[in-house]
Amino acid sequence: MITAGVCLTLQQAVCLRRETLAYDGLGELKKLIVAAADRFVPGDLEDFRRACDMVRLAQLGAILAASDRRTWSPAGTALIGWNGCGCTPANQAYWDDYQQHGRETGRGMFFVPTLPSIPVCEAAITLHLQGPVCYIRTPPQTRKLQEHLDDLFSDDATIRQIMLAEIHVDHACLLLCDRQPGPLPDHNDLTAVFWQAKKDLTP
Amino acid sequence: MTAALVHIHHAEAISAAGDDLAAARATFAAGAQPFVVPTHFAARGVHHGLCAALQPSPRESRAIALLKRLLSRLPAFGDDDAIYLATTVGAIDCLEQNASGPTPDCIGILLDAVQRHFPRCSVTLVAAACASGQSATAAAMRALRGGRCRRALVIGIDICSEFVTSGFVSLGAVSRTLTVTRPYDAQRDGLLLGEGAGALLLGLDAGGAGGTIGALLAAGESCDAAHITAPNLAGEQLAALITQTLGRAGLRPEQLGGIIGHGTGTIHNDQSELAALDLVFAGQGACPPLLSIKGNTGHTLAATGVLQIVYGLDFLRQGQLPPQAGLQQPAAGAERWVAAQARPLRCPRLLSLNVGFGGLNSALILEGRA
Chain A
0 MITAGVCLTL
10 QQAVCLRRET
20 LAYDGLGELK
30 KLIVAAADRF
40 VPGDLEDFRR
50 ACDMVRLAQL
60 GAILAASDRR
70 TWSPAGTALI
80 GWNGCGCTPA
90 NQAYWDDYQQ
100 HGRETGRGMF
110 FVPTLPSIPV
120 CEAAITLHLQ
130 GPVCYIRTPP
140 QTRKLQEHLD
150 DLFSDDATIR
160 QIMLAEIHVD
170 HACLLLCDRQ
180 PGPLPDHNDL
190 TAVFWQAKKD
200 LTP
Chain B
0 MTAALVHIHH
10 AEAISAAGDD
20 LAAARATFAA
30 GAQPFVVPTH
40 FAARGVHHGL
50 CAALQPSPRE
60 SRAIALLKRL
70 LSRLPAFGDD
80 DAIYLATTVG
90 AIDCLEQNAS
100 GPTPDCIGIL
110 LDAVQRHFPR
120 CSVTLVAAAC
130 ASGQSATAAA
140 MRALRGGRCR
150 RALVIGIDIC
160 SEFVTSGFVS
170 LGAVSRTLTV
180 TRPYDAQRDG
190 LLLGEGAGAL
200 LLGLDAGGAG
210 GTIGALLAAG
220 ESCDAAHITA
230 PNLAGEQLAA
240 LITQTLGRAG
250 LRPEQLGGII
260 GHGTGTIHND
270 QSELAALDLV
280 FAGQGACPPL
290 LSIKGNTGHT
300 LAATGVLQIV
310 YGLDFLRQGQ
320 LPPQAGLQQP
330 AAGAERWVAA
340 QARPLRCPRL
350 LSLNVGFGGL
360 NSALILEGRA
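Protein sequence lines, in the order shown, are assigned to chains A and B. Every letter in the first sequence is one number past the one before it in numbering that gives the first Met the number 0, and letter 48, counting from 1, is 47. Every letter in the second sequence is one number past the one before it in numbering that gives the first Met the number 0, and letter 109, counting from 1, is 108.
The hints are all genuine.
Here are the computed lysine to aspartate or glutamate pairs in the EDC-like style, where the Cα-Cα straight-line distance is at most 16 Å:
#1 K143(A) x D80(B)
#2 K29(A) x D52(A)
#3 K67(B) x D18(B)
#4 K198(A) x D185(A)
#5 K143(A) x D79(B)
#6 K197(A) x D185(A)
Computed footprint of chain A on chain B, listed as stretches where at least three residues anywhere in the stretch have a Cβ under 8 Å from a Cβ of chain A:
#7 89 to 96
#8 101 to 109
#9 222 to 234
#10 346 to 359
If you want a taste of the chain A side facing chain B, the calculated C-beta under 8 Å gives, among others:
#11 T87
#12 Q91
#13 Y93
#14 W94
#15 G105
#16 R106
#17 V111
#18 I124
#19 V132
#20 Y134
#21 R136
#22 T137
#23 S153
It should be emphasised that the hints constitute simulated quantities derived from the structure, not laboratory data. Where a beta carbon is used, it is the ideal one built from N, C-alpha and C, also for glycine.
Sequences and hints are given; from them, build the entire structure.
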């Protein structure tokens with residue numbers, strides 16, 4: 000079921016199939032990707048500069064996960080954000096900024112990311128994914144997430160694959176799942192799923 | 000092949016339009032705009048304008064208090080049932096009141112409150128910006144059709160807060176009049192916020208003690224994948240979604256009785272939505288009537304999708320859409336869609352639309368029961 004994926008931090012991106020990338024901050028990772036355009040799927044990173052790290056992790060992670068797939072097409076791809084830290088850091092960042100400005104004016108650049116669906120929407124824009132996109136929070140059991148995947152696949156025949164994203168303040172894991180049968184291994188987070196899949200791929 | 004009908008067994012709504020359906024019906028019929036000056040928050044420099052507030056500030060979180068009011072009205076719920084909670088920022092007032100200490104997980108606080116009320120049920124939070132209400136409903140429909148639960152409860156809830164209001168002001172989305180919002184009007188200039196909560200009890204069986212008050216025929220979701228806050232003004236993605244959703248319900252456009260639009264009253268939202276509807280109904284003679292409930296309720300964010308369905312069921316029972324509140328002169332191209340008078344539904348089926356930041360689109364078709 001899992002066809003590609005990436006676990007990334009602010010310094011390193013480990014792909015399921017491709018080589019590990021090391022960098023000093025997400026700005027440098029973006030430069031690496033842009034400089035080696037022939038090795039990565041194209042992505043719209045227009046919003047990158049003004050984005051917070053959670054959004055940047057989602058944008059760059061989406062490009063890396065898509066590039067990790069042997070053949071990539073954005074058509075029929077849904078995107079689900081799952082658990083992670085939601086919008087809590089973005090809420091505090093907006094509120095702090097608003098208070099520091101005397102509670103006289105908020106700033107849109109801080110307000111928009113306060114929605115928990117924003118990182119996955121930015122990732123969808125980056126890869127031009129037009130399938131269903133949302134953020135869900137369930138108990139931390141991948142079998143709960145599996146139910147949503149199965150329901151989405153069985154309900155909509157136009158969906159060919161689903162990108163899963165678990166975004167935290169300083170790390171993220173994105174996995175691509177297709178319609179092939181086979182459940183996600185039972186874990187509490189996507190990172191553990193990723194490492195099990197990576198281990199299974201290792202000869 | 001069309002998917003199984005999802006029956007609606009119970010529906011509840013609390014909004015500024017009314018504390019119950021009877022009161023809301025009177026508000027809609029009169030085209031009333033019950034916006035008031037918010038008294039539960041104040042900010043020195045931000046002109047928040049009016050909003051559709053429901054109650055003075057309680058001692059506990061305003062969001063939790065509203066949730067409790069809603070939950071107290073719901074029928075008993077079984078252990079093998081599932082709950083889908085739609086919210087954009089949850090109990091955001093907990094952050095506003097938090098002078099020190101760790102940042103509260105505002106959506107988690109609301110999720111935990113629902114889980115405590117239904118300790119043995121599976122609760123899933125669904126967040127898709129202002130399309131959350133219908134997105135949660137669509138998730139519940141899929142779970143029922145997938146056999147994951149016997150019944151599914153969908154809850155949509157959001158409050159008016161200084162946090163959200165100042166944020167929408169910062170984006171220039173709030174009406175400069177600060178007193179009125181005019182969805183689909185030539186002079187529209189922005190939204191006014193409202194708070195609200197709605198609930199739908201869904202199941203695949205039409206029977207049971209309470210019978211059924213309506214049905215959900217089909218739902219669809221998509222993403223423009225173009226801009227984080229602005230909709231596609233040409234409406235192409237939304238039009239494609241509506242057409243796809245109609246197809247999944249086995250319907251043609253002329254088999255819709257009316258449309259409840261997202262209709263925030265912002266320039267771009269309404270323009271995009273009207274463009275999408277024009278694409279879907281191109282070549283059709285008469286268009287079904289269109290209404291935005293936000294003229295009466297304000298923009299209730301994640302609650303709006305659920306409220307549109309609950310109020311839509313009541314419109315279906317009455318056989319007509321009420322007047323569009325706030326409408327003086329329809330926007331160019333909107334003349335064929337909206338009116339300041341009540342209009343009959345040509346059949347007992349409604350299309351309900353939500354759109355949200357991130358380019359999220361949601362379409363849902365509901366059918367009335369006699």
